[in-house]
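> Take a look at the letters that make up each chain.
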Amino acid sequence: MRGAKSAKWVACAIAVTLAASACGGGGSDSSDDMNKGKADPKGIVTAQLSEPQNPLQPANAKESQGSRVLRTVFSGLVDYKPGSSELENINAESVKPNKDSSVWTVKLKPGWKFHDGTPVTAKSYVDSWNWSANVANNQTNSSWFADIKGYEDVHPEKGKAKSDKMSGLKVVDENTFTISLNSPVSYFAYKLGYDVWAPLPEAFFKDPKAFGQKPIGNGPYKFVSWDHNKLIKVRKFDGYKGPNAAKNGGIDFKNYTTADAAYSDIRSDNLDWIEQVPTTALTNYKQDLGDRAIDEEYSAVQSIVPAFYTKQFKDIDPKVIQGLSMAIDRDTITKKVLHGTRTPADSFVARGVLGHKDGALGDVAKYDPAKAKALIKEGGGVPGNKISIQFNADQDHKPWVDAVCNSIRKAVKVECVGDSKPTFQADLNARDNKQVKSMYRGGWVLDYPVNSNFMRDLYGSKAAGNTSGFSNKEFDELSTKADKAATLDETVKLYQEAEQILVKEMPAIPLWFYKVNSGQSVNILGKIPYGQDGDPIFTDVQVKQK
Amino acid sequence: MGRYAARRLLQMIPIFIGTTLLIFLMVHILPGDPIRAMWGDKAADPAQVAALRHEFGLDQPVWKQYTDYMTNLFQGDFGQTFGGREVIDVMSEAFPVTLRLAALAIIIEIIIGISLGAWAGLRAGKTADTGVLVFTLFVISIPVFVLGYLARFIFADELGWLPPNVQDSTDITQLFLPAFVLAMLSMAYVARLTRTTFAENLRSDYMRTATAKGLPRRRIIGVHLLRNSMIPVITFIGTDIGGFIGGAVITEGIFNVQGVGNVLYRAIQTSEGSTIVGVVTVIVLVILLLNLIIDLLYAVLDPRIRYA
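Heads up: the sequence lines are chains A and B, in that order. Residues 1 to 546 (this note's numbering) make up the first sequence, in order. Residues 1001 to 1308 (this note's numbering) make up the second sequence, in order.
Keep in mind that the hints are not guaranteed to be accurate.
Stated by the list, open to error - In the DSSO-like style, the derived pairs of lysine-lysine whose C-alpha atoms are separated by at most 30 Å in a straight line are:
#1 B:1042 <-> A:484
#2 B:1064 <-> A:158
#3 B:1042 <-> A:319
#4 A:149 <-> B:1042
#5 A:386 <-> A:410
#6 B:1042 <-> A:493
#7 A:230 <-> B:1042
#8 A:437 <-> B:1042
#9 B:1042 <-> A:398
#10 A:160 <-> B:1042
#11 A:527 <-> A:38
#12 A:165 <-> B:1064
#13 B:1042 <-> A:481
These are computed hints drawn from the structure, not numbers from a lab. On a predicted model such as this, the values are computed, not experimentally measured, just so you know.
Turn these sequences into a full structure, and let the hints steer you where they fit.
Right, here's the structure in full:
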């Protein structure tokens, strides 16, 4: 990296004036073999974490930091097998739908216990969901329960809850309960893999506030301590009965003030895993860390989204948007500007998600200035011949926004500028209040690995994630049909058809899929395995015996 | 003296109210809705946003929010973070760390700065003096973050004498490197200030008298010269302590110190008003108190200064 190298020379010059003799090569210590040695089942993994914003309650951990800890302390009914997006039963013996997928019966594996010794029963789940959905309890994730019958009673759009129980949840016996949905959802079991569906022990309801500081779960690790802004400790739970028991002794989640600080600690092996390599080290981290560098794709996509409520895009011919898409040189930008930290997108649905189809976007994702020009002309041109891309300046978006704009300007002679908002909050505000002037930056990380999550939840006319004002009848009808399909396979197939409608209508221009660029220390045996959400599978991380 | 102190304490009330009000208004005009931002890219649930806004009083007019805040403050209640923690708890974890860091930095600044300044001042115009001037100029001209990264690169990455980051912020021995970096800039100023007053006072009448009296050189410099030269230096150091506490943001970030700077930085990012106002209020109080102490110290150093 250019910056680091020159900084090093300055440092050397100063070191010389200080008569210090330390300007060696400073290369990577690649002599260590990460696959050699034995695993220590009691070894502790240290991982980077920022202070969770919310108390550690399953339904409140919207942000990644809190849910990273919660996922180790709680086990849900099901989880996804990494890489295959297949469902795997964890706490559930079975999760079965009725004929039209509107009523689901959950059977639990018997004999599970919370870390405080109380049993995990059907009631632990039903009580947890009822409490979390209740508007009075202010859980940021409560809308996840909206599929369940009776959700409007506990979470009305305005005013107080009419009831504290959803009528759709019924305890049958100690280990069985049923879930009735408002309308059929063939992939409802997939949604159940998200953190918010975790069970809660009796102790929670006595004092939710104290519980949030010291959670008691049913997962592979038990919570030990939370030293605010410094350290969260979890240790292996020996009584764990799930298939994903921990292969290490526990995790210390350490707080870091900056990505740079964490990065320098991983280089000196004071830390075993970092979240993301700092931007300043992106070009040289593979040299620094050798085999210990992590470079993995995960299921998230970045796109630019036209604001369809503006004059500019209100009655636009989708061909214009297709043309703009073809004016973006994704290959060059991901390589040169983003240093290979993203891969060009070729579909609306990210890879690793059920129903992802390579090349679903077809030619629309290919860089072809001539065809792009022709398409824009056919569609009647870009109104005003000028677009802007709104982004938040408090994160590292400016370089790629500039690059995308450059590419569009060069290829199709449409004027393009970045429209920066100072903070993410200001950016969101403009989106919510429909004040985006032309286009905005959109990002989506999977909630559950089914293609519907990347389509209906984003582009459905009434979808919660739809902030662009896009609306297409044909797409809405097809997705409703897909949700009600008898089998999951059929649902996925119908959504693949729906994706082709999106290619024609262009509710957004997918740009690229995200990658994790991270690293691990010499204390770890083998490569750290990753899940589809871009987080490590901590239970499978092995520590080398010392 | 007592009346002077009392008057100064009374003056602190309007300053206190004024600063908190200003900070409060500034937080209020920060763009974006912090509650909405909790949902990120995903769509927020309007019912829940409304409920949360109500819980934190953000649906009230600003003047009401401010008076409520002040009323609670006088009852010792600093409010809660969005995560439901007491702001007072958050502060009581962060302030000791930063105070320790600042104290260490002050000690380094005083010891190195004053001795370097005195050493140069006694040799005014000679090579040693020029050397100190060049060195301090060099330090003053380098921004803190460059100095921080350089120090980390040299002492941690290359020489391996120290760990690159502070692993435990409550361990004072680990705070040495960040404290040194934090102290560097002020140390240069202290050295220059000390040097100049020393060089000036060397030619003053009382020095000639003391020498004429035949006092030993150690006593002349140690008591007469040093004491009289310290007044401007003490003033500078006094105002600096407040600056250290507020300005440790960069140093704390580089060396991973979990102090006030870190808390404040994160609170600003999430527009968490109660934390920002709470932390700034305490910093303002510390600075006001320090100024009072410095002013009172004048009289001790120079008996000619008397407060009416």
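> Give a verdict on every hint.
Status of the hints after comparison with the structure:
Restraint check for residue 1042 (chain B) and residue 484 (chain A): satisfied, since their Cα atoms lie roughly 24 Å apart, inside the 30 Å limit. Proximity of residue 1064 (chain B) to residue 158 (chain A) is assessed by CA-CA distance (about 24 Å); at most 30 Å being required, the pair is judged to hold. Proposed proximity of residue 1042 (chain B) and residue 319 (chain A) is supported: the alpha carbons are some 28 Å apart, at most 30 Å. For the suggested pair residue 149 (chain A) and residue 1042 (chain B), the alpha carbons sit about 23 Å apart, so the restraint of at most 30 Å is met.
A distance of roughly 13 Å separates the Cα atoms of residue 386 (chain A) and residue 410 (chain A); the hinted pair therefore holds under the 30 Å criterion. The straight-line distance between the Cα atoms of residue 1042 (chain B) and residue 493 (chain A) is roughly 25 Å, inside the 30 Å bound, and the hint therefore holds. Between residue 230 (chain A) and residue 1042 (chain B), the direct Cα distance comes to roughly 28 Å. Compliance with the 30 Å bound is thereby established for this hinted pair. About 20 Å separates the Cα atoms of residue 437 (chain A) and residue 1042 (chain B), which keeps this hinted pair within 30 Å; it holds.
Proximity of residue 1042 (chain B) to residue 398 (chain A) is assessed by CA-CA distance (about 21 Å); at most 30 Å being required, the pair is judged to hold. As the CA atoms of residue 160 (chain A) and residue 1042 (chain B) are separated by approximately 24 Å, the hinted pair is consistent with the 30 Å bound. Proposed proximity of residue 527 (chain A) and residue 38 (chain A) is supported: the alpha carbons are some 14 Å apart, at most 30 Å. Among the hinted pairs, residue 165 (chain A) with residue 1064 (chain B) is inconsistent with the structure: their alpha-carbon atoms are about 36 Å apart, more than 30 Å.
Among the hinted pairs, residue 1042 (chain B) with residue 481 (chain A) is consistent with the structure: their alpha-carbon atoms are about 24 Å apart, no more than 30 Å.
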